[in-house]
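These protein sequence lines map, in sequence, to chains R and A. Under this note's numbering, the first residue of the first sequence carries the number 70, and numbering increases by one thereafter. Under this note's numbering, the first residue of the second sequence carries the number 89, and numbering increases by one thereafter.
Please note: incorrect hints may appear among the correct ones.
As the list claims (entries may be wrong) - Simulated crosslink set (SDA-like; lysine to any residue; CA at most 20 Å straight-line): (1) R:200 <-> R:282; (2) R:237 <-> A:257; (3) R:277 <-> A:240; (4) R:99 <-> R:144.
FYI, nobody ran anything at the bench for these hints, they're computed from the structure. These numbers come from a predicted model, not from an experiment.
Residue strings, one per chain:
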Amino acid sequence: MRFKTALFVALALCLAAAQAIGGTLDDVKKKGFVSAGVSGKVPGFSVPDDKGFWLGLDVDFCRAVAAAVFDDPNKVKFVPVTTKERFTALQTGEIDILSRNTTWTLQRDAEQGLEFVGTLFYDGQGFMVNKKLGVKSAKDLNGASICIQIGTTTEMNVSDYFAANGMKYKPVVFESADEAAVIYDSGRCDVYTTDASGLAARRTTLSKPEDNVILPEIISKEPLGPAVRQSDGQWVDIVRWTLFVLLNAEELGVTSKNVDQMLKSENPDVKRLLGTEGTYGEMLGLTKDWAYRIIKHVGNYGELFEKNVGPNTALKLERGLNAQWNKGGIMYAPPVR
Amino acid sequence: MTDPARARLPQRSLLTDPVVRAVIIQIAVFALVAGVLAFAAVNTAENLKRAGIASGFGFFNQVAGFDVSQSLVEYSRASTYGRVFLVGLLNTLLVSSVSIVVATVLGFAVGLLRLSGNWLVSRMAAVYVEILRNVPLLLQILFWYIAILNPLPGPRQAMSLFDTIFLCNRGLIIPWPVFLPGSWLVLVAFLLALAGGAGLVLWARRRQRLTGKRFPAYVSSLGLIILLPLVALAAAGFPIRWDLPELSGFNFAGGLTLQPEFTALVLALSLYTAAFIAENVRAGIEAVDKGQIEAAHSLGLRPAPTMRLVVVPQALRVIIPPLTSQHLTLVKNSSLAVVIGYPDLVSVFAGTTLNQTGQAVEIIAITMLVYLTISLAISLFMNWYNARVAILER
Numbered sequence: 070m071r072f073k074t075a076l077f078v079a080l081a082l083c084l085a086a087a088q089a090i091g092g093t094l095d096d097v098k099k100k101g102f103v104s105a106g107v108s109g110k111v112p113g114f115s116v117p118d119d120k121g122f123w124l125g126l127d128v129d130f131c132r133a134v135a136a137a138v139f140d141d142p143n144k145v146k147f148v149p150v151t152t153k154e155r156f157t158a159l160q161t162g163e164i165d166i167l168s169r170n171t172t173w174t175l176q177r178d179a180e181q182g183l184e185f186v187g188t189l190f191y192d193g194q195g196f197m198v199n200k201k202l203g204v205k206s207a208k209d210l211n212g213a214s215i216c217i218q219i220g221t222t223t224e225m226n227v228s229d230y231f232a233a234n235g236m237k238y239k240p241v242v243f244e245s246a247d248e249a250a251v252i253y254d255s256g257r258c259d260v261y262t263t264d265a266s267g268l269a270a271r272r273t274t275l276s277k278p279e280d281n282v283i284l285p286e287i288i289s290k291e292p293l294g295p296a297v298r299q300s301d302g303q304w305v306d307i308v309r310w311t312l313f314v315l316l317n318a319e320e321l322g323v324t325s326k327n328v329d330q331m332l333k334s335e336n337p338d339v340k341r342l343l344g345t346e347g348t349y350g351e352m353l354g355l356t357k358d359w360a361y362r363i364i365k366h367v368g369n370y371g372e373l374f375e376k377n378v379g380p381n382t383a384l385k386l387e388r389g390l391n392a393q394w395n396k397g398g399i400m401y402a403p404p405v406r
Numbered sequence: 089m090t091d092p093a094r095a096r097l098p099q100r101s102l103l104t105d106p107v108v109r110a111v112i113i114q115i116a117v118f119a120l121v122a123g124v125l126a127f128a129a130v131n132t133a134e135n136l137k138r139a140g141i142a143s144g145f146g147f148f149n150q151v152a153g154f155d156v157s158q159s160l161v162e163y164s165r166a167s168t169y170g171r172v173f174l175v176g177l178l179n180t181l182l183v184s185s186v187s188i189v190v191a192t193v194l195g196f197a198v199g200l201l202r203l204s205g206n207w208l209v210s211r212m213a214a215v216y217v218e219i220l221r222n223v224p225l226l227l228q229i230l231f232w233y234i235a236i237l238n239p240l241p242g243p244r245q246a247m248s249l250f251d252t253i254f255l256c257n258r259g260l261i262i263p264w265p266v267f268l269p270g271s272w273l274v275l276v277a278f279l280l281a282l283a284g285g286a287g288l289v290l291w292a293r294r295r296q297r298l299t300g301k302r303f304p305a306y307v308s309s310l311g312l313i314i315l316l317p318l319v320a321l322a323a324a325g326f327p328i329r330w331d332l333p334e335l336s337g338f339n340f341a342g343g344l345t346l347q348p349e350f351t352a353l354v355l356a357l358s359l360y361t362a363a364f365i366a367e368n369v370r371a372g373i374e375a376v377d378k379g380q381i382e383a384a385h386s387l388g389l390r391p392a393p394t395m396r397l398v399v400v401p402q403a404l405r406v407i408i409p410p411l412t413s414q415h416l417t418l419v420k421n422s423s424l425a426v427v428i429g430y431p432d433l434v435s436v437f438a439g440t441t442l443n444q445t446g447q448a449v450e451i452i453a454i455t456m457l458v459y460l461t462i463s464l465a466i467s468l469f470m471n472w473y474n475a476r477v478a479i480l481e482r
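Chain R extracted, bound-state conformation (with noise of 0.2 Å):
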């Protein structure tokens, strides 16, 4: 099954021509719209809804850019992909971008081939168990057998998180973060463990969502972020740079329903975002007005982040670290000049 899937991989990494490697942007520009592999399984981060409309943060991103590109922001074609496949997914040009609340690290920027843009969502890693255990911090797990998925960060931060407190534990290890919410659910384990934002949207899933906690104990940093290819410095240049956009715009006070209005701004930052002034835009290869077209289309990170996240959603998740650098968090864009 999977196996097949990774066997595919390979031999496409074998055969495949250099041609999907460089070009991005023409590419893109060719075939019409922009391949974007995600997740497709987590609630307010890339998850369809019952009319097959794709919703989520990693998702709007992807229109983003698509937005910067066609100035249309549905010219995106989303590619479910699993934990496992969706490196070589990227590698082998079956996607264009990868937004699947994927964690940079050092191992993945350095020998996958990969360029992580920036961070669009500070996470950390945290357990979720059943009230009943009456456990009440990470520190009393010892001995626990925990659900967990494939080849995640995840899988190592357990192991460091135990070592580290020099407790033991039973990993039982899945392909899909869905089977090992199932088997959590069913009671073969004590625990289960994700990003925290992942835990309060599986928390919703479960059969009596109620019965679950998540412990206070946040053991890794998961910075979540876009990657593209790292050979295409082009493309690397666009994905990074819409995600500024919207960092820049929600600090700037640009949102979709005043950047009309904001065209006439005096305010020299945001006429060189907007495009009024300058050619910034045409520095990626796209138009001037790029980021005008994101944030009319899709908005600023912080419309973003309340429509899909915020407090008003199921997640109910607060700003936290990812509130603007000044308002408290360690959201921070470089400036458009």
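Chain R is fixed; fit chain A onto it per the hints.
Okay, now just chain A, sitting in the frame of chain R:
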């Protein structure tokens, strides 16, 4: 005698000579295949380099940094990916070999039962075969895992037998012997008893051949194998202690735990394959001429010795070749382990290791090579065995 066709063509061109032409075509095909393979290899290396993806086998010495729930050799998070490979390989071999033994024994039993004269017994065997071999294996694995083993009570409400054997959704936990110094004596006694038993059987056979007198060799050697180690145990002052399972915290400590992932996989693989083996066995036995059985009966052999001495040896030569392919299929099917989280080669090596290192080409190639090697080894062994049981042409 001269060939008239050849005689008419004394001066042949090299190109029209069928032998030369065949050689030329074979060289051309070989060169083409080699060329395609070389192109694929060079192109892969080039693409990997251009995409900035690490290649080579250096990752085998890197620290893995993750844990595996079941390991036959010492393993910790500080072990290398090379060790992970070994752990995964051994887990694959463990689950395959246990399943092969169970499937073969069960398959033979069901195959024989299906030929039984008792209507009920033979129908039940037929129902077993038809159900088990017609439901996809993946569903059977999920059935045993999700429908049977997971709904068992948690460790704190575990079912228990005399408070020493426990069954819960963490697995089957049984007491396990711990060998203290001095237990080597028991081992020596056991080996001696084994050798003595074998000698007794050989001696009894020869005596029966020479004198016709029979001796209950199997029963007496069984007695020897049980008694001698017990005597040694007592002589050494009982140096074996039982490690009893005990509930502590979340789970049982002590004893040996058969994890539900392992149990589900062994159950599914062996029950599924046994259904096919049963059919092979039935085919093999039905292939033996009825006259053989009648002849044996007329010599005064009762049904059991007829089966053992006349039918089975002749049936084996029909059974072994398809049995070999059932064993091969079982080993390959064990890679479905990954769906229920059993840490086999595909899960820990072609799964976690592949993802952490990103070296898909090397890891998939090695994994394929491993399955190929295991299958070829089984084939070789079964071919050797087949040659041994084949009827000697005189």
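Hints, one by one, checked against the model:
no.: 1; hint: R:200 <-> R:282; verdict: 6 Å, holds
no.: 2; hint: R:237 <-> A:257; verdict: 19 Å, holds
no.: 3; hint: R:277 <-> A:240; verdict: 19 Å, holds
no.: 4; hint: R:99 <-> R:144; verdict: 12 Å, holds
The structure is consistent with each of the numbered hints, conforming to all of them.
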